[in-house]
Amino acid sequence: MIGLLLAWSQLGWAGSPSGLGLPFLGGAMSSPVEPGAAGLVLNPAAALSEGVELLLDAQRIGYTYEYTLYEPLDESSPEAFEDSASFPAPYLAFSVPLSDRVGIGLSAKLPYARIGEGPPDGTARFHSISGKLLMGELESAIAVEVTPSLVIGAGFRSGLASYSSVNAIDTGILMYEILGEEAEDLIGDPFFEGTRSVRDGTSRPKSVSVGFLANFPRATLAGGWRSSSTARFEGEVEMVPSNDLNMSLKGELAGEFVFPSEWFIAVEAPIGPVQAGAELGLIRWGQSSETLIAIVNTSLTTDDPTLSGFMSGYGLDDPTLIGDIQSMGKFGLRDILAGGGWVKGSINEDWAGTLGVWVSPPSVGEAFVHPGNADYWMADLRAALAWNPLGPVKIGLSADWLASKERVIEQSGLDLKNTDPESAGALPSGNGSYDLDMSSVGLSLLFQF
Amino acid sequence: MLFVHLLAMTATAAPVEEGVQLAVFPDGADFAGHFMEGQVFDVALDEVALEYGCYDTLGVLDFNLNVPVESMSIDLLSQEISVTVTFGTILGEDMVLFGEDEDWFDVCPAFTTNFRYAQVDDLVIKLALLPSIEDGDLSLSLARDVIATGSLHTDIEWVPDALILPLVEDMIWETLEQTATEMIPDMVASYWDKDMISGSVFDFDLSARLDNANISAQALQMGATLEANWTGSSQCSIANHEPEDHGRSPSLDFGNGNGADLGIGITEGQLNQLFRQAWSDGFLCFPEDRMDLVFEMVRPLIDPEVGGLAPSAIFSEIPVLSIDSGRATAMFPSLKLEIRGEIDGREVELVALDADLNTTVEIGLEPALTALTMTVHDLDLSFKYLRADYLLSDTEEATEHLKAFLRNWVADWVSSQVQGLALFATQFHFLDTTIRLDDISYEDGAMKMFIKLYDEDDPDVDRLPPDTSVELLYTNPQTRQAIIGLGGVDDREGPLAYAVQLNGEGWSSWQLEDSFVIEDSWHSDVLVEVIARDNWLNVDPSPASFIVNLNDPFDGTGEELRGCGCSGSPSPRNGFMGLFVALTALAYRRR
Chain U
1 MIGLLLAWSQ LGWAGSPSGL GLPFLGGAMS SPVEPGAAGL VLNPAAALSE GVELLLDAQR
61 IGYTYEYTLY EPLDESSPEA FEDSASFPAP YLAFSVPLSD RVGIGLSAKL PYARIGEGPP
121 DGTARFHSIS GKLLMGELES AIAVEVTPSL VIGAGFRSGL ASYSSVNAID TGILMYEILG
181 EEAEDLIGDP FFEGTRSVRD GTSRPKSVSV GFLANFPRAT LAGGWRSSST ARFEGEVEMV
241 PSNDLNMSLK GELAGEFVFP SEWFIAVEAP IGPVQAGAEL GLIRWGQSSE TLIAIVNTSL
301 TTDDPTLSGF MSGYGLDDPT LIGDIQSMGK FGLRDILAGG GWVKGSINED WAGTLGVWVS
361 PPSVGEAFVH PGNADYWMAD LRAALAWNPL GPVKIGLSAD WLASKERVIE QSGLDLKNTD
421 PESAGALPSG NGSYDLDMSS VGLSLLFQF
Chain S
1001 MLFVHLLAMT ATAAPVEEGV QLAVFPDGAD FAGHFMEGQV FDVALDEVAL EYGCYDTLGV
1061 LDFNLNVPVE SMSIDLLSQE ISVTVTFGTI LGEDMVLFGE DEDWFDVCPA FTTNFRYAQV
1121 DDLVIKLALL PSIEDGDLSL SLARDVIATG SLHTDIEWVP DALILPLVED MIWETLEQTA
1181 TEMIPDMVAS YWDKDMISGS VFDFDLSARL DNANISAQAL QMGATLEANW TGSSQCSIAN
1241 HEPEDHGRSP SLDFGNGNGA DLGIGITEGQ LNQLFRQAWS DGFLCFPEDR MDLVFEMVRP
1301 LIDPEVGGLA PSAIFSEIPV LSIDSGRATA MFPSLKLEIR GEIDGREVEL VALDADLNTT
1361 VEIGLEPALT ALTMTVHDLD LSFKYLRADY LLSDTEEATE HLKAFLRNWV ADWVSSQVQG
1421 LALFATQFHF LDTTIRLDDI SYEDGAMKMF IKLYDEDDPD VDRLPPDTSV ELLYTNPQTR
1481 QAIIGLGGVD DREGPLAYAV QLNGEGWSSW QLEDSFVIED SWHSDVLVEV IARDNWLNVD
1541 PSPASFIVNL NDPFDGTGEE LRGCGCSGSP SPRNGFMGLF VALTALAYRR R
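Chains U and S are the protein sequences, given in the same order. Numbered as in this note's numbering, the first sequence ends at 449 without a single skipped number. Numbered as in this note's numbering, the second sequence ends at 1591 without a single skipped number.
Be aware that one or more of the hints could be misleading.
Stated by the list, open to error - Footprint (simulated), chain S over chain U, 3 or more residues, beta carbon under 8 Å: (1) 37 to 43; (2) 232 to 246; (3) 294 to 308.
Hints are computed from structural coordinates only; laboratory data are not their basis. Each residue gets a CB set at the ideal place from its N, CA and C atoms; glycine is no exception.
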């Protein structure tokens, strides 16, 4: 299960405080200091707006991911692998004032998402062949004006997480763990190469958030806390101990993943003709560094009808024969402090613009990095335009370019012979270079009634 | 002249070249004398008589002698075996001396008189014996007349003629000499006859025939042909074709034995002949009920819950062994292995393979275990076919991957498991004699074993068992493992072997390591019992014992536990591996 969980930590790079896991969430007009629908992306205190607001935002995120592993398993010359894809990231929010002092809001977003796919025979197949982790979140919020300058809010977050992954496994490692040095040669033996698939992993994690908005004469201050949410995934797991064998282990996934808690604080103030803002966030990825995973009700199965009858006849498909499989994964995640700043101002009566930059460090420790979880020092450079030609309707356009620093790993703690549960784990070495180019364009519609 | 010629023939006899070659060294030859010491023989004849002078018959009725043997020494000379027997006081009593004469014209009157006793003191008989083979057995014949010395005293009530007395005494001497001449060579020969290497050993009936003998000052050397019949039953149909002989049968030079009493050499040709015989008897056919040996080897990987499969194996062609200096090589052509099962009454072949198996086998001695050990090197599998249609997926290289796995890792693993595997004990007791195999050596075409004999009073024999001790070194509740330290005190220096029993569930095999790893997933408290054994096979009758609480962490060593050949119940992951290996390699039917 180690590989499974490492795939989850692919989210580590998504650490900008302004957009949870996705740095550009919310679109052109979003900001933690904004009241109303545009602020609900992070701050429940934004639920108190002057009128009813509805924000629709659609982002298209594209990326090009390139890595080169220095030590391919087959001892061939290192070759670069490149993967490019794009996926949507929608955001929907609306806020309704119940009175002058109380407002409610509802937002739906995709705060965590990562999808990737590689060749089944690629050099990184043991780290990941394909993976998908999506977290949709519906947050209901209530905000109360405590004083004319202070609004506090609280939110209840209901998530729907989906997970699937496929990666190659080396059963030779398991033999090595059990038998010791005499089974060392089995590591990397083609006969012991199999696959592990997790399908239909779903969870409905619950969490809360609190925040405030303080309007001072010359500045707006916002802050808050979003609790961690624990996703208890249930799904199907199939482990093929050897691709050469006509049988597999099937079981039910019973694993947990903790989406981290976040603290944030932001300020925006007029400076000359523009509004300048800054935000700082602490994302507690360290909470996700260890995870217990279990596969229960495990049984040996086969697609071959003859072998199936054989196994059934001899009791080899009895789940009690194998028992539950448990493991504790260590992923080397650490808390990160990220932040950014922006300026925005009106261009003319109908147009306003925003320029900003957000910087986040990697959350995956060097020893743990591999093609399935690499993250980076990233700078999210954003340019956004808002057009208000129709009174209650604003149209926003945004473009983000995430500049990342190539990550070169030379001291990987991953080693196929590493059976120490306290260290990085038994996977092929992650020594290599990793680079990610990412960009996004988005269209927002904000209705203010 | 004939006598001299016979000696010359013996001295220049051709070297022994038979399949089994025996060497009785001087100490071993002399050891046979121990069996004679203290033995008492009774000579009892109704009548001993001869014709003497004017007497038709002059003799002794109820002739009896009580003959105690004090000692017997046997020396190997360059051309003969010298046997010296020393007797205690020999006594004959209550006999009748008589004389009969039917003639009336002479002066020899018939008489009968009491022969009260005859006593022989300090009798020493020396024999020079020449070895030869008759009807497949050792025969010792006199090289020359025996030499007997001693003093004879008689007490006869009345003797009619003074000349009769010397005649009677000569008669007694001759009877003694004749008895010794008839008995002693046969008795000495009986200690070194073919029965030394005949009899039942495990499931084999060994039958030897001595073919030739050769004497030198270093050893009495004999050549023999050995036949072995496997007494087990086989359900296999063995191809009935006459195998060709294979292997060399060189003449072996045992030297002076390096202090050994006996040497036994077995040649490559003899071993192959024995293998051929055993093979044709079905010994190398392993139907399901004879797979226990294989199961024992794979038991660390097999989950006991896996049951029901029916494995079988047969070496369908004759194995061939070669012995070279330092090693023996075995070729097992055409090993056929099958694992079958049933589905709805229909038999299904799960795995079937036919492979040539070549390996180097080293038979050695482990003095501390007092056992003959077997070590396997360079196990090589060459596949003729491998079928596992149901087990293997339809990937293109599945069969080749499985072959490579079996040919490389499994072969190496089997080799690693058969390292110093104790086969048979090298110490036996027979007729108050301790027999120990002391050394094994190889040369081109043969292997030689050297044996030492100890009588029951030999101070070299250790008869005191060691006193066992045991201590807890390490306990890890998380892994459910513990290490115990094994020790013991013995009256002699030398390593001890240990056996361990957990929860009274049966003793482990003997091991030399002074620590033992316990793994138990189910019990918190484990009763540990340990016994120590010295290399004279003296076993401590009182096991050392204590209870290990696996929930109580303890670290007296810091030693890391992993990859151990642990005892105890299988963990779930072991279960998985057991299942995996069971299905890919071998399975065993539980009964």
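Against the structure, the hints:
Under a criterion of three residues with beta carbons nearer than 8 Å to beta carbons of chain S, the stated coverage of the segment 37 to 43 of chain U fails, only 0 such residues being counted. Interface restraint, the segment 232 to 246 of chain U with chain S: holds (6 residues with C-beta to C-beta distance below 8 Å; minimum three). Interface restraint, the segment 294 to 308 of chain U with chain S: holds (4 residues with C-beta to C-beta distance below 8 Å; minimum three).
In this structure, the one hint that does not hold is number 1.
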